[in-house]
Amino acid sequence: MTGRRLWINPFATRYTRPGVIAWQPTPDSPEALLERLDQLGGRGLICGPHGSGKSTLLRHLMAAAAGRGWKTRVVTLRSRADFGPALGAIVAAAGHGHLLGIDSWEKLGAAGRLLAPLAARRAGRIVVTTHQPQACWPILLNLQPDAPTFRRLVGRLLSQVDSRGTMAAEFAADQLDAIFRRHRGNLREAFFELYDHFERTTRSLIGEA
Amino acid sequence: MTERATAGEVSASATLPRVTVSFASDQSEYAPGDMLETSYRVAAIDPATITAVERSVVWYTEGKGEEDFGVVFFDRLLADSSGTMSDARNSAATADWPSGGFGIRLPSSPLSYEGLIVKIRWCVRVRLFFSSGRDFVSEHVFFLGDIPIARPLRRAVS
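Heads up: the sequence lines are chains X and V, in that order.
Letter 90 of the first sequence, counting from 1, is numbered 90 in this note's numbering, and no numbers are missing.
Letter 15 of the second sequence, counting from 1, is numbered 224 in this note's numbering, and no numbers are missing.
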């Protein structure tokens, strides 16, 4: 065997999945949002379109809550079949020292509209991510990522790769803005495009070597 | 050797430990069934602040989709009140705490793979736990097998 070089793609899910990327400094820090959550009565929605960072923010909220000593739990819904687990989590974690996070509430469909009033009346804190506002739920944060945020996230991901001594990649600001627009603000899909671009670039370099 | 270290819960202002891993194989390349002999050295940190060290050998997938992983070796060494290691099975390394080493026989699969959509990576992982409750993870990639790097097709197949 010969010596091999490792090519780390900074846009792989491993480096972009919810909770991995550090939260970008904004007025809406996780700590500030926990304060706002209490002002809202302990329940709130994180709204936003696909790939806008709802799940990422939820993970950061959970980490901040755990840092306060709260008991935390996240339930990720995949389909209407998860109604039971969602109901169980809502009933079980009802203490004031708890923070329950439910990710992708919209997956429950019509069943979610039945469950929402029950969840809103429970004791303890609960944060739900969803695409659209829900009746009887206050909005904790409405996420609308912009191009500068996307550029900052890309820069952070690339710097992590640089620090590992692997290949650096460069993207012009207008190139990143075009990718952001093409995916209509869906950061996840934009990262996937950059993943593919990175793979094409590195393979062509391997071919030249 | 390539290192992937994550600060985890260690704050940005804290001094990060430095973990280096040495493989018996200079190229960090192994064939299925080979013995993986490795030693690791922990530096730039007060050993008395480390309460436990987890050592593991894992494979994981990396790419655009869901991730998968497997653990082929794992153990956890605890420091006693004097700041030395309390695991009797590994007492030979006590004087070097928290540095150490171990060896395992590698399985026959999955082989390391550098695909376009998915990659399979193997690594030695050293995780340090501190008395503050924080932790630090350092991963050191090696290769199992000799599968060539995948290349995209240059033209469509007619």
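Derived from the structure by calculation, the hints contain no laboratory data.
Take the hints with a grain of salt, since some may be wrong.
To be verified - Derived list of chain X stretches under chain V, where covered just means 3 residues or more per stretch with a C-beta under 8 Å from a C-beta of chain V: (1) 172-185; (2) 197-205.
Unchecked claim - Label pairs and their computed distance ranges (CB to CB): (3) X/D177 <-> V/P361: 50 to 56 Å; (4) X/R152 <-> V/I313: 24 to 30 Å; (5) X/Q24 <-> V/I326: 27 to 33 Å.
Stated by the list, open to error - Far from chain V, some chain X residues (derived; all Cβ distances over 12 Å): (6) G67; (7) H96; (8) L114; (9) A123.
Backbone N, C-alpha and C define an ideal beta-carbon position, used for all residues, glycine too.
| said: Would the non-interface assignment of X/H96 survive a Cβ cutoff of 12 Å against chain V? | reply: holds (23 Å)
| message | So X/A123 supposedly isn't at the interface. Is its beta-carbon more than 12 Å from every beta-carbon in chain V? | response | Holds, because the least Cβ-Cβ distance between X/A123 and chain V comes to about 28 Å, which exceeds 12 Å.
| task | For X/Q24 and V/I326, compare the CB-CB distance with the range 27 to 33 Å and indicate the outcome. | result | holds (28 Å)
| field | Claimed coverage, the segment 197-205 of chain X by chain V - three or more beta carbons nearer than 8 Å | value | Held - the segment 197-205 of chain X has 3 residues with a Cβ nearer than 8 Å to chain V, which meets the minimum of three.
| message | Please check whether the beta-carbon of X/G67 is more than 12 Å away from every beta-carbon in chain V. | response | violated (9 Å)
| Hint check for V/I313 and X/R152 - Cβ pair distance inside 24 to 30 Å | With Cβ atoms ~42 Å apart, the hint is violated.
| Proximity test - 8 Å, beta-carbon atoms, the segment 172-185 of chain X to chain V, at least three hits | violated (count 0)
| message | Please verify that the nearest CB of chain V lies beyond 12 Å from X/L114's CB. | response | Given a closest Cβ separation of 30 Å, the condition holds.
| Has the hinted range 50 to 56 Å been met by the Cβ atoms of X/D177 and V/P361? | violated (26 Å)
Checked against the numbered hints given earlier, this structure breaks hints 1, 3, 4, 6; the rest are met.
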